[in-house]
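Novice: One-letter residues, chain by chain:
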Amino acid sequence: DAKTTQPTSMDCAEGRAANLPCNHSTISGNEYVYWYRQIHSQGPQYIIHGLKNNETNEMASLIITEDRKSSTLILPHATLRDTAVYYCIVKSGNTPLVFGKGTRLSVIA
Amino acid sequence: DTAVSQTPKYLVTQMGNDKSIKCEQNLGHDTMYWYKQDSKKFLKIMFSYNNKELIINETVPNRFSPKSPDKAHLNLHINSLELGDSAVYFCASSQAGVAGETQYFGPGTRLLVL
Chain A
1 DAKTTQPTSM DCAEGRAANL PCNHSTISGN EYVYWYRQIH SQGPQYIIHG LKNNETNEMA
61 SLIITEDRKS STLILPHATL RDTAVYYCIV KSGNTPLVFG KGTRLSVIA
Chain B
1 DTAVSQTPKY LVTQMGNDKS IKCEQNLGHD TMYWYKQDSK KFLKIMFSYN NKELIINETV
61 PNRFSPKSPD KAHLNLHINS LELGDSAVYF CASSQAGVAG ETQYFGPGTR LLVL
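As they're listed, the protein sequences go chains A and B. Taking the numbering used here, the leading residue of the first sequence gets 1, the next gets one more, and so forth. Taking the numbering used here, the leading residue of the second sequence gets 1, the next gets one more, and so forth.
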């Protein structure tokens, strides 16, 4: 079973920041927080991951709370192509991803 | 260049047939996976291989037999196909590092059993 809780769906206006929350209150000390997304009919795509520090890459920013029990994925300027299901996953080591139901993000023009 | 490729992209077959799906990665990764996404869109791990050795088999029926001829390939053979095998099958690969591990997924194979 997935160890994370995410809202089922969210809407975001095109050009605005999309903030996707995730709760992972039972995260272990050696587990990372990963974000993947799945655009319709495609394979899951890696976005970003972090352990305890905030992270940023060309796709998104990841904000992890100090107690590591929750995190937020930020897409700074959402476009229509960002419409997808976003998955927050916690795991350690070289192990399979355990996908939950994710958040369906709809970016609206 | 495609990092993780799968063939075929679509597969339509009759119940009871045997079929194979192929996966190749050109990333030099040591670990490869097969995931299944059913009609309700739940993604679940089926198998994991590391350096051609099976390390995870998640209660998959033994009609499913993965084969890894080398660490760049992980094929999935399915015997006696059933209606419930209809799904999208995704292959993935990864390389563990000191700062976590990123998995790269193939485009998926859409299997329809009639």
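Be a bit skeptical, because a hint or two may be false.
Claimed, not checked - These stretches of chain B come out as covered by chain A in the derived footprint (C-beta under 8 Å, 3 or more residues): (1) 31-45; (2) 69-82; (3) 102-114.
To be verified - Here are a few chain A residues that face chain B, going by a calculated C-beta distance under 7 Å: (4) C12; (5) G29; (6) Y32; (7) H49; (8) N53; (9) A60; (10) P96; (11) F99.
Source of the hints: derived by calculation from the structure; they are not laboratory data. These figures come from a predicted structure and were not determined experimentally. Note that the Cβ used here is the ideal one computed from N, Cα and C, for glycine as well.
Novice: Mind checking the CB of A:H49 against every CB in chain B and telling me if the closest is under 7 Å?
Specialist: 5 Å, holds
Novice: If you take the shortest Cβ to Cβ gap from A:G29 to chain B, is it below 7 Å?
Specialist: 14 Å, violated
Novice: Cut-off 8 Å, C-beta pairs, minimum 3 residues; does the coverage of the stretch 102-114 of chain B by chain A stand?
Specialist: holds (count 7)
Novice: Closer than 7 Å between Cβ atoms is the bar; does A:F99 clear it against chain B? Give me holds or violated.
Specialist: It holds, given that the least Cβ distance between A:F99 and chain B is near 4 Å, below 7 Å.
Novice: Interface hint check: A:Y32, Cβ to nearest Cβ on chain B, cutoff 7 Å. Holds or violated?
Specialist: Check passed: Cβ of A:Y32 comes within 4 Å of chain B, closer than 7 Å.
Novice: Does the closest beta carbon of chain B sit nearer than 7 Å to the beta carbon of A:N53?
Specialist: Since the shortest Cβ distance to chain B is 11 Å, the answer is violated.
Novice: Would the stated hint for A:C12 survive a check requiring a Cβ distance to chain B of less than 7 Å?
Specialist: 21 Å, violated
Novice: Would you say the stretch 31-45 of chain B counts as covered by chain A, given the rule of at least 3 residues with C-beta under 8 Å?
Specialist: holds (count 8)
Novice: Count residues of the stretch 69-82 of chain B with a Cβ under 8 Å from any Cβ of chain A, then say if the count reaches three.
Specialist: Per the Cβ count (0), the hint is violated.
Novice: Close enough to count: is the Cβ of A:A60 nearer than 7 Å to one in chain B?
Specialist: 14 Å, violated
Novice: Verify the interface restraint on A:P96: the C-beta must sit less than 7 Å from at least one C-beta of chain B.
Specialist: This hint holds: A:P96 lies near chain B, its Cβ roughly 4 Å from the closest one there, short of 7 Å.
In the structure shown, a violation is registered for the earlier hints numbered 2, 4, 5, 8, 9, in ascending order.
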